[in-house]
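Asker: Quick note on numbering: numbering that gives the first Met the number 0 labels position 63 of the sequence shown as 62, and the sequence is numbered without any gaps.
Derived by calculation from the structure, the hints in this document are not laboratory data.
Okay, the calculated beta carbon distance ranges per label pair:
| no. | residue 1 | residue 2 | range |
| --- | --- | --- | --- |
| 1 | K6 | S79 | 16 to 24 Å |
| 2 | L72 | L98 | 36 to 44 Å |
| 3 | L98 | K4 | 44 to 52 Å |
| 4 | I86 | Q61 | 23 to 31 Å |
| 5 | E36 | E65 | 44 to 52 Å |
Quick caveat: nothing in here was measured; it's all calculated off a predicted structure. By construction, the Cβ of each residue, glycine as well, lies at the ideal position given by its N, Cα and C atoms.
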Amino acid sequence: MMKDKEKYENVCFQIISAAGTAKSCYLEAIEYAKQKEPYEEALKEGREAFCQASSAHQDALQMDAEGNLDVGLLLVHAESILGGAEIIGDLAETIIALLNRV
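Kindly produce the complete structure, drawing on both the sequences and the hints.
Answerer: This is the structure we're talking about:
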């Protein structure tokens with residue numbers, strides 16, 4: 000049973016929001032690079048948002064270590080989005096590097 004449902008939901012939504020923003024920024028950076036437009040700012044914003052998501056995830060891990068976090072579907076969803084954003088960020092850098100070779 001959740002010890003603090005509001006705190007749990009808050010940390011999950013922080014992860015979801017920031018990771019979703021990171022994912023969008025990374026995809027936007029790829030599109031800019033494809034169009035031979037400046038992409039650096041979108042990539043930077045993606046990295047910053049991903050760092051925010053990672054920080055919120057660290058908060059969740061701390062809550063878990065303290066015994067104040069039960070795994071629920073919301074956290075599973077948040078971690079799925081976080082993992083997807085991390086993969087897209089890594090791929091965005093590779094895709095942009097390849098586009099810049101052409």
